[in-house]
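One-letter residues, chain by chain:
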Amino acid sequence: MAPSGQIQKSKTKAPKKKEQDEKEPEVLSKEKKQKLKELDEYIEGVLEEAGEDFLDQFKQVEGQ
Amino acid sequence: MSIPKVVGIEQEYAIQIQGDRSLSAFEASCMLVDAYARRVGLREPAVRMLWDYAHETPYQDIRGKLFRKSPSQQVTTDADNRLINAPLPNGARLYTDHAHPEYSTPECRSARQALACDKAGELILQESIQAVSSLHPGMRIHLYKNNTDHKGHSYGCHENYMMEAAAHERWFVKRPQLTEQVLIPFLVTRQVVAGAGKVGSEGRYAADARYQVSQRADFMENLYGLETTYARPIINTRAEHHADPDRFRRLHLIAGDANMCEVAGLVKLGSTQILLQMMEDHYFTEDLSLSDPLKAVRDISMAFDTPVALKDGRTMTAAQIQRRFQESAAAYCQKENDARVPDFHLILTHWEQILDGLEQLRLSPDFAILDDPGALIHKLDWLLKLWLLNRYRKGRDDCGWDHPMLQVLDLQYHRVDNPEGMFNRLQKDGVAERVTTDEEIHRFVRQAPEDTRAYFRGRCIEKYPEEIMLLSWEVVAFDHGQTHRMIPLLNPLQGTREQFEGLFAGAATSRELISRLEAETGG
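Residue numbers (our numbering), protein chains in the order written: chain S, 1 to 64; chain L, 1001 to 1523.
Looking at chain S on its own, in the form it has when it is part of the complex (with noise of 0.2 Å):
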């Protein structure tokens, strides 16, 4: 495998998520399973909001 840090993607794509795999394990209560629902949901709409040219965006003068 590569290294990540040398990868040059001009576009990020998000990968799509299987929603089979969704479920959490039993033993969670159904609270927290909605919690991690909603966290979920939060992290898509972060990285969305983030846009697919935020890597190529994303570059700092070195600093200290």
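Since the hints were made in silico from the structure, they are not lab data. On a predicted model such as this, the values are computed, not experimentally measured, just so you know. Ideal Cβ positions, reconstructed from N, Cα and C, are used throughout, including at glycine. Some hints could be false.
Taking CB as the label site, the calculated pair distances span [claimed, not checked]:
1. E31(S) <-> S1364(L): 23 to 33 Å
2. Q57(S) <-> P1365(L): 28 to 38 Å
3. N1418(L) <-> E31(S): 44 to 54 Å
4. G1138(L) <-> A14(S): 50 to 60 Å
5. R1140(L) <-> E41(S): 16 to 26 Å
6. R1204(L) <-> K33(S): 40 to 50 Å
7. E1127(L) <-> K33(S): 34 to 44 Å
8. A1079(L) <-> E31(S): 56 to 66 Å
9. A14(S) <-> E1450(L): 46 to 56 Å
10. G1041(L) <-> K33(S): 44 to 54 Å
So these bits of chain S aren't anywhere near chain L, every CB distance computed over 12 Å [as the list claims (entries may be wrong)]:
11. K16
12. S29
13. V46
For chain S, the structure is supplied; the task is to place chain L on it using the hints.
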């Protein structure tokens, strides 16, 4: 005899601008500094204070060599000086450094204070962004509290600790082999507690890495040295003590990561404070010299539980080495000592729990968290981030560790310009454990710590901003027309609220302050 470990953090933030492509990172950073300075009244026409660069000697080495001329002349005009700098009433300094907004906390006695002051810096920058947005509605500035852009560029989260001068000389100049026996192994292994986590690898030593413990490990190339932007050392040897060098020295550490998790931040700073005191008191005597410390930095970052070789032939994991320090620190802190590290019990407890948790932590070869009985995902950045990344990867067959979306998630974890950002949400939801309170953090947005010289500096900036001509960490200079009066702050432990609150209350001007000071001290 050990002395209190005054501590401070310097955080360089990553900056990203949207909406104005013509604006450089340097210009945007200066806009943020200026916007906050305006907000706290420091850009009124009568306020002329400058940051005093005369005390900065980045090319003077503690080992006695001057490698280049002082770069103080880089900031050539007063206008440039004000463009870059904003010394604040909370005792901190907000400024632009290498095109990054940088926030240096005021001097703190405790790790917990330093942590709260560092978090206060995030709120201050959020205020700056709001101020800039109101002036430039189309522009969006995002800030990230991390240490890499994943393209080979790094920026620091530096730590500063006050040491007793003779001990500093002994450890770092006269007998550096002692440092290699104690402090180097401590700092090399500390990343398993305080690493911020990183997807991939980069830079000169880029390796086939999926996920790493530390953001800075790829950038550590020397044990000692003056450099900070390349060939970075674990121990920075800059002779710039910001205090009376006959009594106090500054240990400047640049190897650490920026922490979002409060527990990780507390243990990073607090354990280092305790170890430095043990060094000053000749308390820790075990030789834990590593065969190859720089290789060990990278090896541990690649696999937290990999055994590393010691010079004496033993092999130990990072957690086992940290355990040696923690156990010794626990015994040391039982002894009565006026200079004892504040909140040592809290620091030692978290430190021990983390090491217990690391011993039981199990990761799969593909970095799935198989078992975390110590619930370390709630305490440590590198594990909380790993947990998030794994949640995202779950159910996505085509999301290998080389998928760019994981780097996006890695970066978004560190975004701090939005109070509703990812880490803040995790903290509000109770996923990331707290050490400080919102009240403490908000207090340090406006006020300096009360038990160091930061109190004196902060009160001067708050009360007499129009009278200050120059200031730095170690001096406040007033412009009194025909005369300039300088108040040296050469002892970071002096200038406290207990000493000076009454004096400030009765002094409407800096002239009155100095008169009263002279009357009290007889001169």
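Checked hints:
Checking the proposed 23 to 33 Å range against E31(S) and S1364(L) shows it holds: the Cβ atoms sit about 28 Å from each other. Checked against the hint of 28 to 38 Å, the pair Q57(S) and P1365(L) passes, with Cβ atoms roughly 33 Å apart. Our hint of 44 to 54 Å for N1418(L) and E31(S) is violated, since their Cβ atoms are close to 26 Å apart. A C-beta distance of roughly 27 Å is found between G1138(L) and A14(S), which places it outside the suggested range of 50 to 60 Å.
Taking the beta carbon of each, R1140(L) and E41(S) are about 23 Å apart, inside 16 to 26 Å as hinted. Our hint of 40 to 50 Å for R1204(L) and K33(S) holds, since their Cβ atoms are close to 45 Å apart. At roughly 37 Å, the beta-carbon separation of E1127(L) and K33(S) lies within the given 34 to 44 Å, and the hint holds. At about 57 Å, the beta-carbon gap between A1079(L) and E31(S) stays in the expected band of 56 to 66 Å.
Checked against the hint of 46 to 56 Å, the pair A14(S) and E1450(L) passes, with Cβ atoms roughly 49 Å apart. Here the CB-CB span from G1041(L) to K33(S) is close to 50 Å, well matched to the stated 44 to 54 Å. Some Cβ of chain L comes within 12 Å of the Cβ of K16(S); the nearest lies about 7 Å off, and the non-interface call is violated. For S29(S), the non-interface assignment is confirmed: its Cβ lies about 14 Å from the closest Cβ of chain L, beyond the 12 Å cut-off.
The beta carbon of V46(S) is not kept farther than 12 Å from every beta carbon of chain L, the shortest such distance being approximately 5 Å.
Taken one by one, the earlier hints fail for this structure at numbers 3, 4, 11, 13, listed in ascending order.
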